[in-house]
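Q: 314 is the number that the working numbering gives the last residue of the sequence shown; the numbers go up by one with no jumps.
These are computed hints drawn from the structure, not numbers from a lab. Treat the hints with care, since some could be wrong.
For lysine-lysine, the following DSBU-like pairs were computed, each having C-alpha atoms within a straight-line distance of at most 30 Å [what the hints assert, rightly or not]:
# : residue 1 : residue 2
1 : 287       : 90
2 : 228       : 200
3 : 202       : 228
Taking CB as the label site, the calculated pair distances span [said to hold, decoys possible]:
# : residue 1 : residue 2 : range
4 : 77        : 212       : 26 to 34 Å
5 : 163       : 57        : 32 to 40 Å
6 : 66        : 223       : 48 to 56 Å
We put the CB at the ideal spot given by N, CA and C, even for glycine.
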Amino acid sequence: MRAARREFQLIIPRQIILNSHMTYLDRRHYQLLIAVRRHGQLSAAATSLGLTQPAASHQVREAERRLGIRLFDRVGRGIRLTEAAERLLEAALYAEDTLKTAEADAIQLHRGTSPVLRIAVGHYDHVHWLPPVAAALSARHGGLKLEFIRLANHDLQSAINAGSADLFLSPASSEFENLPSLPLFGDRLVGVVPLTSRASAPLTADFFGKQKYIAFSYHPAHGFEYERYFSPAGVWPKEIVRIESTSAIIELIAAGFGASILPAWCVTQDAASRRVALGELAPEPIRIMWHVFGRSKLMEGNVSVMDTFASAIRSCAQGSEIGA
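Starting from the given sequences, assemble the full structure and let the hints guide the process.
A: If you want it as structure tokens, here you go:
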């Protein structure tokens, strides 16, 4: 006897069906989030966007309804983003910058105007190399426009991937190992101290153990002084001050505020002008390699621009006498 055929019916809750087709937030909602964070008041945020306050209030209610969450808390006369809204804000800031860059690029491509090379800087913002590089690019690629973008170091890779920056300079680091890069020149780490602390002998880790140490981060970075200098000696600075800028670190050291360890290429000019003193590290030099990291499209497609940029940087390095 033949078994009866069984039929199964999959029942999907109506809410899941609705959510699968739901449109969440539009660009205008994200722009309002950015404006509220910037101004702290809905009325001021609305004005900055060319909206009336009722229109801005409607956008807030609409965004909260679409997501099913609260985005703002009232604090006195102002409003504050909730933790959930702060997460959206991070994405909004990144996306808005990327979209504006793409829009500008599209307009330039349509008009046939000059291409743009966006150079980003993070920690290594002591840009003594910029004038000769700009001169070299202008001489060989006269129609090329340069833009200079200041970013947090942890945003450099995402800016390259998103296309809001084209390239940046940095010593080789595991942080950027997934980005296309071109090796430029070898360098070494040196101690940077106030002129009053100038030492004739190489600096041991014990010297920095007694100093207020100025660094980019509290956390050891792979391949740099924490791993290759302090850790083998079993010595750590007594106090670490985080300053995420080479230029700012040099200014503080010149004022006698502390000491640091930086790539020689970043500080040779300041030492030559007697603003700070440099000391070799003991027991042996710590070698590093500078790279230019950039978009694969630039590395593979516009080889001429990259060659000009790299050649100009190498010339700067040779002229700064960093070898030792």
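Q: Against the structure, test the hints numbered earlier, and report the numbers of the ones violated in rising order.
A: Every hint satisfied by this model.
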